[in-house]
Amino acid sequence: MANLTLLQAINSALREEMRRDERVIVLGEDVGKNGGVFRATEGLFDEFGAERSVDTPLSESGIIGMSIGMAMYGLRPVPEIQFMDFIYPAFDQIVSEAAKMRYRSGGQYTVPMVIRTPYGGGIRGGHYHSQSAEAYFAHTPGLKVVIPSNPYDAKGLLISAIRDEDPVIFMEPKRLYRSLKGEVPETDYTVPIGKASITRAGKDISVFAYGAMIPICLEAAKKAEEHDIDVEVVDLRSLVPLDIKTIINSVKKTGRAVVVYEAPKTGGFGAEIAAIIAEKAIEYLEGPVLRVAGLDTPFPYTFEHIYMPDSRRVFEAIEKVINF
Amino acid sequence: MSSEIIQVLKEDGTVSPLFKKETDLTEQDLKKIYETMILTRVYEERSLKLQRSGRIGFYIGCKGQEASHIGSAYALKMDDWVFPAYREPGVLFLRGIALKTMICQMMGNAGDPTMGRQMPCHYSYKEGNNGSVSSPLATQIPHAVGIAYAAKYMKHKIVSLTYFGEGSTSEGDFHTGLNFAAVFKSPVVFICQNNQWAISVPVARQTVSESIAIKAKAYGMPGIKVDGNDVLAMYQVTKDAVERARNGDGPTLIESFTYRLGSHSSSDDAARYRPEGELESWEQKDPIIRFEKYLLSENILTPESIKKIKDDAEEEFTQAVKEAEKVGLPPLETLFTGVYKDMPESLREQMEDLINEQKRLGASEDNSMAFPL
Ligand SMILES: Cc1ncc(C[n+]2csc(CCOP(=O)(O)OP(=O)(O)O)c2C)c(N)n1
Numbered sequence: 008m009a010n011l012t013l014l015q016a017i018n019s020a021l022r023e024e025m026r027r028d029e030r031v032i033v034l035g036e037d038v039g040k041n042g043g044v045f046r047a048t049e050g051l052f053d054e055f056g057a058e059r060s061v062d063t064p065l066s067e068s069g070i071i072g073m074s075i076g077m078a079m080y081g082l083r084p085v086p087e088i089q090f091m092d093f094i095y096p097a098f099d100q101i102v103s104e105a106a107k108m109r110y111r112s113g114g115q116y117t118v119p120m121v122i123r124t125p126y127g128g129g130i131r132g133g134h135y136h137s138q139s140a141e142a143y144f145a146h147t148p149g150l151k152v153v154i155p156s157n158p159y160d161a162k163g164l165l166i167s168a169i170r171d172e173d174p175v176i177f178m179e180p181k182r183l184y185r186s187l188k189g190e191v192p193e194t195d196y197t198v199p200i201g202k203a204s205i206t207r208a209g210k211d212i213s214v215f216a217y218g219a220m221i222p223i224c225l226e227a228a229k230k231a232e233e234h235d236i237d238v239e240v241v242d243l244r245s246l247v248p249l250d251i252k253t254i255i256n257s258v259k260k261t262g263r264a265v266v267v268y269e270a271p272k273t274g275g276f277g278a279e280i281a282a283i284i285a286e287k288a289i290e291y292l293e294g295p296v297l298r299v300a301g302l303d304t305p306f307p308y309t310f311e312h313i314y315m316p317d318s319r320r321v322f323e324a325i326e327k328v329i330n331f
Numbered sequence: 504m505s506s507e508i509i510q511v512l513k514e515d516g517t518v519s520p521l522f523k524k525e526t527d528l529t530e531q532d533l534k535k536i537y538e539t540m541i542l543t544r545v546y547e548e549r550s551l552k553l554q555r556s557g558r559i560g561f562y563i564g565c566k567g568q569e570a571s572h573i574g575s576a577y578a579l580k581m582d583d584w585v586f587p588a589y590r591e592p593g594v595l596f597l598r599g600i601a602l603k604t605m606i607c608q609m610m611g612n613a614g615d616p617t618m619g620r621q622m623p624c625h626y627s628y629k630e631g632n633n634g635s636v637s638s639p640l641a642t643q644i645p646h647a648v649g650i651a652y653a654a655k656y657m658k659h660k661i662v663s664l665t666y667f668g669e670g671s672t673s674e675g676d677f678h679t680g681l682n683f684a685a686v687f688k689s690p691v692v693f694i695c696q697n698n699q700w701a702i703s704v705p706v707a708r709q710t711v712s713e714s715i716a717i718k719a720k721a722y723g724m725p726g727i728k729v730d731g732n733d734v735l736a737m738y739q740v741t742k743d744a745v746e747r748a749r750n751g752d753g754p755t756l757i758e759s760f761t762y763r764l765g766s767h768s769s770s771d772d773a774a775r776y777r778p779e780g781e782l783e784s785w786e787q788k789d790p791i792i793r794f795e796k797y798l799l800s801e802n803i804l805t806p807e808s809i810k811k812i813k814d815d816a817e818e819e820f821t822q823a824v825k826e827a828e829k830v831g832l833p834p835l836e837t838l839f840t841g842v843y844k845d846m847p848e849s850l851r852e853q854m855e856d857l858i859n860e861q862k863r864l865g866a867s868e869d870n871s872m873a874f875p876l
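Just so you know, the protein sequences line up as chains A and B, in that order. With our numbering, letter number 159 in the first sequence gets 166, and the count goes up by one each step, no holes. With our numbering, letter number 265 in the second sequence gets 768, and the count goes up by one each step, no holes.
None of these hints come from the bench; they were simulated from the model.
The calculated lysine to aspartate or glutamate pairs, modelled on EDC-like cross-linking and capped at a C-alpha distance of 16 Å, are:
1. A:LYS230 with A:GLU326
2. A:LYS210 with A:GLU232
3. B:LYS566 with B:GLU783
4. A:LYS327 with B:ASP856
5. B:LYS810 with B:GLU538
6. B:LYS742 with B:ASP582
7. B:LYS742 with B:ASP527
8. B:LYS796 with B:GLU530
9. A:LYS272 with B:GLU848
10. B:LYS796 with B:GLU538
11. B:LYS660 with B:GLU746
12. B:LYS788 with B:GLU514
13. A:LYS40 with A:GLU54
14. A:LYS327 with A:GLU293
15. A:LYS272 with B:GLU852
16. B:LYS660 with B:ASP752
17. B:LYS862 with A:GLU323
18. A:LYS327 with B:GLU860
19. B:LYS566 with B:GLU786
20. B:LYS566 with B:ASP789
21. B:LYS535 with B:ASP815
22. A:LYS40 with B:ASP772
23. B:LYS603 with B:GLU826
24. B:LYS844 with A:ASP303
25. A:LYS40 with A:ASP53
26. A:LYS272 with B:ASP856
27. A:LYS40 with B:ASP771
Make the full structure from the sequences, and use the hints.
Next up, the structure:
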């Protein structure tokens, strides 16, 4: 075991998979010599060389389009999009090509690739260094969407993603990159994709979240405890595939639900959770399912801390549902 | 020939007699260009200090690229349009923006016309026909073509000029933009500021063409490579391209061969990736020093007048910061206004809920982290 940051856990997953399997290649902007602007690929260039730790020309559609071809030929590319806000030039390649390749070719071609990308706010990055674009991709059949919230899961999920046979959007909560440390095995291990985890068990209300919102929900749960409210925090970890069973079981136990995500509220992934609960467990509900989310505005600069869901706002929602 | 490099002002500060005879730049013009270059340099040095002392959150600079963008922008008329990347504050100075407005933008306060919505150095300045800076690279290139098309359609004799880095020439929008402009014979001037580095990636990783300028050939337009640290050459080459565009002869690609003397931004450390000695050799080619030599040798400026220009710029900056720091935060409503012309009901509801929440519970705690890149 080593005490690692989330960033180091990602680095460790990449390093081990590259050691284990020479088909694994990382590529992207600044990922090679410089080790990535966040240093997620630090040291890979020295250990594996320029052919496997590739500085590409500056083109996201090029990075993803080329990765698709590499994957079709049998490699395991792990392209990095420097910030999720810059993924859009590659949107066509991701949603039209990577996502549909297996289906449209009758399984003759597949795209086993992992698109790693830092996402999320709270770092004074304004419109274009803060977005949480999971909903666009979760809405696209053929893609898996995975979002770790701690170092242990980050490494185990990334290894699973690299070994997965389908394209995975692997969203890394950059606000937690260095601010969170945890015990991580040095050897290789996997965390299965598609299984939520109950980060904190409770009996009064379920709070569903993922990524950088998990620490915020835990803070809110602590606050709630002072008010004798026992909160269950469920870390979804993977939006596609979604662990519906764990969600429904939790709601059956608590009878109440709040969903927390930092993307704009309207059309966000939280709506999907609320709908599933309504479809499958409405008879267990003792109050409305509330969403605590980002605002329906572009991501702001000066007022970012007001835009972002915080523990106070999550706690208010918890109270509201409890008092319903 | 697109790989030859055009130079007017030599590194020793002398110019060819032909240029002197033919140029339309007056002493007044030369002084104005020099003053703008100095203000731009001072703006950078002082803004980086503001950033380090935590008074602004981020800065992205243009040290070494002053001649490149100021010389070229000086060739435009005021009703021509500019689509900047993010390393062209000198264009805003030329176009008359108040220094205080720019500092308020960096502070994200109520003096910022964009109400603190964007990161520092992402200015929007319509009064100066200067587009709206956005981080996603190369996106402005096709916009410049659209403006040019629209203006031509409306029979306005304006030209649209856009800046971008050499890294951005790898994006699809660069290729689309040039192709569209050539097909529509639009009055556009494309200026690639080839500062050799796209964060840590050298130009050799963007292209193996013998130059950026030569790419123009494939799109069917002239491509010219210029010494970007030569303010007079930048002016002259851009002026010719602007004239061609205005006369209906279509677009031009200009490669300004220059160097980023600073780090990529306040959160980067170029020492990590720059080869040893490279910075020092380019510092010898500092565009301001070269221009100064010329102005001194022609007696257009004296050591005393140079000192005064520099002192004035420092003083202007100090005053503007003082003024800017008096300005408070934008009203909370501005978080919601401006998403649409008319605010949808659902958004109004979010706004009212949020304003009530902040009144009821006090302002949200600000625990944002510093920008990591
Ligand atoms: C579409 C997009 N991809 C990636 C980035 C991240 N990024 C910001 S600046 C930069 C390098 C830009 O290089 P260049 O175009 O040469 O301009 P320079 O910064 O050198 O002036 C990168 C990769 C971005 N802003 N937009």
